[in-house]
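Based on these hints, arrange chain G on the given structure of chain X.
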Amino acid sequence: MKKSTWLMMAAVAALAVVPLFIHAPVKNEEAFTGADGQAEALIGTIQPGYKVWFTPLFEPPSGEIESLLFSLQAALGAGVIGFYFGRASGRKQAGKAV
Amino acid sequence: MHIMEGFLPIAHAAGWWAVSLPFLVGGVRSLKRIVKEKPSARLLLGAAGAFVFVLSALKLPSVTGSCSHPTGTGLGAILFGPSVMSVLGAIVLLFQALLLAHGGLTTLGANTFSMAIAGPWISYAIWRGARGARLPRESAVFLAAALGDLATYTVTSLQLAFAFPDPAGGFMGSLMKFMAIFSVTQIPLALAEGFLTVLIMRALAVYAPGDLLTLRRTKEGKVAP
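Protein chains in written order, with the working numbering: chain X, 1 to 98; chain G, 1 to 225.
Simulated from the structure, these hints should not be mistaken for lab results.
Computed from a predicted structure; not experimentally measured.
Hints are supplied without guarantee of correctness; some may be wrong.
Quick list of the computed label-pair ranges, beta carbon to beta carbon [to be verified]: (1) X:Thr5 - G:Gly132: 37 to 45 Å; (2) X:Ser89 - G:Pro9: 48 to 56 Å; (3) X:Met1 - G:Leu98: 19 to 27 Å.
Short, incomplete list of chain X residues facing chain G, as computed with Cβ under 10 Å [what the hints assert, rightly or not]: (4) Leu7; (5) Ile22; (6) Leu72; (7) Ala94.
Backbone N, C-alpha and C define an ideal beta-carbon position, used for all residues, glycine too.
So here's chain X without its partners, still in its complex pose (with noise of 0.2 Å):
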């Protein structure tokens, strides 16, 4: 692999890695809240009177179904690219093999 692949690899690891370190935890403040959960928040001092007039028909009933539906998103993407790249990867050295 090119150095520059690497690097890139390096990079995306150390972009989603240094946050973690660099941010100061504040005393009584849940740190790394979701960016959606804020904006909620922030509709909420915006316009206090805001009644919400639909609720989720389904909502996972604890952090761990959550995670368990968020995984399943990742892997069924992640098994996709995956197989997609196991056969080009075959078809590619099939073509040499002939």
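For chain G alone, coordinates are given in the frame of chain X:
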């Protein structure tokens, strides 16, 4: 970028649905055309959709101390054009709305517009523009994916500021607040998505050069940028 279920006033929720629907119709047409004209690209189309599935499931920490996720829509927009991404992105958003209570059915129109329409179209425009300006291929891929990702979150901020103007600062005041949450958090994530998209394009060039060539060949037999 997920606006939660019920968190847009009815008129806004309906309005964004109305804006997104024509793009979805166009996306279905584009999808059918690709499958018919380039059947060998079907699997790659699935992989491009899968890339959105993976990236939008990964909530990553950011320098702001909050978490958000990349979108993965730039890759498909570069490979297949932006139209088809409206469908692939909407499928992912529907999955999350129904099973994860992440986003929602009432806000699906607005969320589809930011992630599956605005992001891919901006990615595509940057990709074409950068190639037109003779920027190297990989720089163009990086810029298209990273800026498209950032654009999605900026559009979400615009949508929310439009629906919830600040009592003191009005639309702009509200926009700054929402962008502080979404766009700033997104900067490192957008860079990561840019790099990942370049990595996937490299892998495609190594393992599936044939697929890439099929896509770039237009009807007239010319090879697109």
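How does the Cβ-Cβ distance of Thr5 (chain X) and Gly132 (chain G) compare with 37 to 45 Å: does it lie in that range?
Since the Cβ atoms of Thr5 (chain X) and Gly132 (chain G) sit about 27 Å apart, the hinted range of 37 to 45 Å is violated.
Check the following: the C-beta atoms of Ser89 (chain X) and Pro9 (chain G) are separated by a distance inside 48 to 56 Å.
Hint holds: Cβ distance 51 Å, inside 48 to 56 Å.
Range hint 19 to 27 Å (beta carbons of Met1 (chain X) and Leu98 (chain G)) holds or violated:
For Leu98 (chain G) against Met1 (chain X), whose Cβ atoms are near 39 Å apart, the range 19 to 27 Å is violated.
Per-residue hint verdict: Ala94 (chain X), partner chain G, C-beta under 10 Å
12 Å, violated
Under 10 Å is the threshold here; is the Cβ of Ile22 (chain X) close enough to any Cβ of chain G for the hint to stand?
7 Å, holds
Interface hint for Leu7 (chain X), Cβ within 10 Å of any Cβ on chain G
9 Å, holds
Is the shortest C-beta separation between Leu72 (chain X) and chain G less than 10 Å?
OK, holds: Leu72 (chain X) within 10 Å of chain G, min 8 Å.
In terms of the numbered hints stated before, the structure departs from hints 1, 3 and 7, listed from lowest to highest.
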